[in-house]
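Undergrad: I would like the entire structure built from these sequences, with the hints used as guidance.
From first to last, the protein sequence lines stand for chains F and U.
So for the first sequence, the numbering used here puts the first residue at 1; every next one is plus one.
So for the second sequence, the numbering used here puts the first residue at 1001; every next one is plus one.
It should be emphasised that the hints constitute simulated quantities derived from the structure, not laboratory data.
Just so you know, not all the hints are guaranteed correct.
[Unchecked claim] If you want the footprint, here are the derived chain U segments under chain F, 3+ residues with CB under 8 angstroms:
1) 1041 to 1047
2) 1055 to 1066
3) 1128 to 1137
Just so you know, even glycine gets a beta-carbon here, dropped at the ideal spot from N, CA and C.
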Amino acid sequence: MHNFDYHRAASLADAAAKLKGAEDGKLLAGGMTLLPTLKNRLAQPSDLIDLADLGDMRGVSIEGDEVVIRAMTPHFAVATSLEVAAAIPALAALAGNIGDPAVRHRGTIGGSVANSDPAADYPAAVLGLDATVVTNERSIRGDDYFLGLFETALRPGEIITSVRFKKPKRAHYLKFRHPASGYAVVGVMVAQFAAGTRVAVTGAGPCAFRVKAMEEALDRSFTPAAVADIAVPHADLMGDIHCSAEYRAHLVKVYARRAVEALTA
Amino acid sequence: MLYDVKMTVNGAAVAGQVEARTLLAQFIREHLRLTGTHVGCDTTQCGCCVVHVDGVAVKSCTMLAVQAVGRSITTIEGLAAADGTLHPMQEAFREHHGLQCGFCTPGMVMMAVDIARRKPGADEKTVRHELEGNICRCTGYQGIVEAILDGSAKINAARINSAEA
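TA: So, in structure tokens, the structure goes:
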């Protein structure tokens, strides 16, 4: 690992100031992706600004029809929150299947959403649950947030403070879990709202995306058969050492169908 | 630049000077010379480096020593009683021969204690699922799982007894 300077932010404003003042600063939340990245020398930030002391950046609350998860809340806290389990059980289940127990104790929702790893789980929830990403500067609609491979709508220096998920009528998240890493080879969130159904996919493309054809089909008929034959074009999907783009496209179809099966059984 | 770090390790206050990039696992092993915490993969997968930070299991190869400032750390050396009496989970690993080469054992035992705390009464399937971040390269899981089931039962029986007393 290359060396860097380490700072602990005393407040959100302090974090923003330190980030701005650094030559090439990075925020440190749980570190579950950032530290392995640094160990592999895939990044060389000049400064790490640790958000660990910002106690008001942790916790879960229910506000109207939204579940609000503050950015520094670890996956374990989301997975075991009775409030989340009551409001959006699919979100608690998703958080409980990220990585492994030790990773869930440290890894945070803000870090995951800011990083936008193509195989991370939370992006499927951000899109599928019509979430809003709240930063120290503004609110960003989930639909406008993911732009590409590790690329988001966040501007330099912008800090995620919370993610607000809308409570669906019902939702289910299923993933083909990479057996070694736990990352989603493909993950599909199907969520039904009064305004319509959302089908969000992670793991398959350079970033999370929605499958409009499946959403329209499910709005006509919320049955497994409705999505069983909807092909997802594989041209824009990822092929890698784990599987081909064609196989990922196939998995999207299979996992969407199974998610609907779970909701209609 | 060196950073002053102060934390509690196995109940004792410790201090040292580290680079920002020094991992907690390195600090524990190389500065404090507590070599029971192992580093197997260095990529956050194998779990040999699991310690408890403020009572919860974390991978010490994926935490900086500077992040642990002010925290309370327990390593495998801190589990047994001062007179050498093994922790019930260590005793269960001994009884069920929950190891083959022993390299992954410190992390397994630390995770096992965490599982017993979070999932009292866990069945075999749950224990196996909870161990997904701990790898035994000898594939000696059978004895490990048996040890965790037995150790958890004893720890939680003791907990209930002391609550009733």
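Undergrad: State for each hint whether it applies.
TA: Going down the list of hints, with the structure as the test:
no., hint, in the structure
1, 1041 to 1047, "holds (count 5)"
2, 1055 to 1066, "holds (count 8)"
3, 1128 to 1137, "holds (count 4)"
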